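In order, the protein sequence lines correspond to chains V and W.
Under the working numbering, the first residue of the first sequence is numbered 532, with each subsequent residue one higher.
Under the working numbering, the first residue of the second sequence is numbered 532, with each subsequent residue one higher.
It should be emphasised that the hints constitute simulated quantities derived from the structure, not laboratory data.
Model, not experiment: these values are computed from the prediction.
For glycine and all other residues, C-beta sits at the position ideal for the given N, C-alpha and C.
Please note: incorrect hints may appear among the correct ones.
Which residues of chain W face chain V? A few of them, derived with a C-beta cut under 10 Å, are [said to hold, decoys possible]: (1) E539; (2) Y608; (3) S609; (4) V612; (5) E617; (6) A650; (7) L670; (8) L672; (9) V675; (10) K676; (11) E689; (12) F736; (13) A740; (14) F752.
Here are the simulated DSS-like pairs of lysine-lysine, each with C-alpha atoms no more than 25 Å apart in a straight line [what the hints assert, rightly or not]: (15) V:K700 with W:K700; (16) V:K559 with W:K700; (17) V:K556 with W:K700; (18) V:K676 with W:K563.
There are 2 protein chains.
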Amino acid sequence: MIVAPDAERSAVGHAITTLTPLRVKEFKVAGKPAGYAVSGTPADCVKLAVGALLGRRPDLVVSGINLGPNTATNVIYSGTVSAATEARILGVPSIAVSLGTFADPIWPTAASYARRVAATVLRRGLPERVLLNVNVPNLPLRQVKGIAVTRQGVSAYEELYDLRLDPRKVPYYWAAGSYRMSDVDPQSDALALHNGYVSVTPITFDLTAHTVLDEIRRWRFR
Amino acid sequence: MIVAPDAERSAVGHAITTLTPLRVKEFKVAGKPAGYAVSGTPADCVKLAVGALLGRRPDLVVSGINLGPNTATNVIYSGTVSAATEARILGVPSIAVSLGTFADPIWPTAASYARRVAATVLRRGLPERVLLNVNVPNLPLRQVKGIAVTRQGVSAYEELYDLRLDPRKVPYYWAAGSYRMSDVDPQSDALALHNGYVSVTPITFDLTAHTVLDEIRRWRFR
């Protein structure tokens, strides 16, 4: 069953819709009912699917396949990852799948690995509050080097903005920063993908920085 | 210097605006220039402030004070927290401050603790990739029990939706789930706040589930 936004939603992060209603349209593929198009965000789609649209709780939510990688700091902005995260919040095992290109996608490679990772998760289950973020290189299947279990990298976009004038000479800004690949750790998602591996990163929505808790407990706040 | 969305942005998570331009208006407080109103999300405001609007890099970003707590699973949906996270991604120390009420806010209490935590961060710095998520109980200053350094809790909203008919009898859905307080750990943000403490949670944007990496490295994906 497919439940998806009714148009592209880029960089919406984990936005959810509470102040306005959501419209839902059934859609067909090859003449047969295939799913629902929702006037909301990817995370809305999962909440609505589990809360209202599906007759029963799903065994697994697969979010994607997204056109474009969701590695390193981009994971934070990703609607694809957020939809999978929302499923895990609701207690449903989930994976997010993204393809490492913005043009000329080789979908069958990503589909093949999505199926393998999904089957593995269905068989083994997932640790509590953990989901898998999968990024597939845009290569023919035979050229993929294998699966690498990775960490989230540190590469990010630059915070550059163009200042322009509209037709009425009123200024506006437009995000213009480009992606700065700065990962050097071969076990990072960004570099593994770059090197031709399918990157599988276990991620969590527990944002607590557990390793510094003790240090900060010793601080005097004044 | 204040840089803020030009209207309320609730539950936008870490959405950022790349496909459309951003408008910026200077605004005054008591006749003096005080900051900028931006036609974007909280995270946009920080990116734009650091990338274009401010003359120099800020020493600290304070996001908030938000009307309403950002504890437990709500941290994921929070525009307030995402703005602070964006600052930290850009390398600027940051804190997010939220007030534990939706009505009759006692702002001076939150402001007082925001100042204390901000001063402490300016003095001590923050660990790499870590920021502080601060939630202040809506109490007179003297009734606050102190500061508790906490973990992110597990409480969440229920995934309930109302199915309704619009004036033209077309159905629509509206998020109707209520917050289900399920935290029992007194060191969780939600329960500390509930118990009258200022909750300070060190959080990170490294979502890697480090504790399960070794386990998942042993999986055979097939």
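Evaluated hints:
Because the closest C-beta pair between W:E539 and chain V is about 8 Å apart, less than 10 Å, the hint holds. Here the hint on W:Y608 is kept, as its CB sits about 6 Å from the closest CB of chain V, short of 10 Å. Satisfaction of the interface hint for W:S609 is found here, the shortest Cβ-Cβ separation to chain V being roughly 9 Å, below the 10 Å cut-off. The beta carbon of W:V612 comes within 8 Å of a beta carbon in chain V, closer than 10 Å, and the hint placing it at the interface holds.
Given hint, W:E617 at the interface with chain V, holds; its Cβ is 8 Å from that chain's nearest Cβ, closer than 10 Å. Below 10 Å, beta-carbon pairs count as interface contacts, and W:A650 has one with chain V at about 7 Å; its hint therefore holds. Checking W:L670 against chain V: minimum C-beta separation of about 17 Å lies over 10 Å; hint violated. With a least beta-carbon distance of about 14 Å to chain V, the hint placing W:L672 at the interface is violated under the 10 Å criterion.
The beta carbon of W:V675 is not positioned within 10 Å of any beta carbon in chain V (closest approach about 12 Å), and the interface hint is therefore violated. Hint on W:K676 is violated. Least Cβ distance to chain V is approximately 13 Å, over the 10 Å limit. Against a cut-off of 10 Å between C-beta atoms, the interface hint on W:E689 holds, since the closest Cβ of chain V lies about 8 Å away. Against a cut-off of 10 Å between C-beta atoms, the interface hint on W:F736 holds, since the closest Cβ of chain V lies about 6 Å away.
For W:A740, the interface hint holds, since its Cβ comes within 10 Å of a Cβ in chain V; the closest pair sits about 4 Å apart. This hint holds: W:F752 has a C-beta 5 Å from the nearest C-beta of chain V, less than the 10 Å allowed. Restraint check: the Cα-Cα separation between V:K700 and W:K700 comes to about 44 Å, which exceeds 25 Å; the hinted pair is violated. Note on V:K559 and W:K700: the hinted pairing holds, with a Cα-Cα distance of about 23 Å set against a maximum of 25 Å.
Proximity of V:K556 to W:K700 is assessed by CA-CA distance (about 15 Å); at most 25 Å being required, the pair is judged to hold. For the hint linking V:K676 to W:K563, the alpha-carbon distance of about 60 Å lies beyond 25 Å, and the restraint is violated.
Figure legend: structure checked against the earlier numbered hints; hints not met, in rising order: 7, 8, 9, 10, 15, 18.
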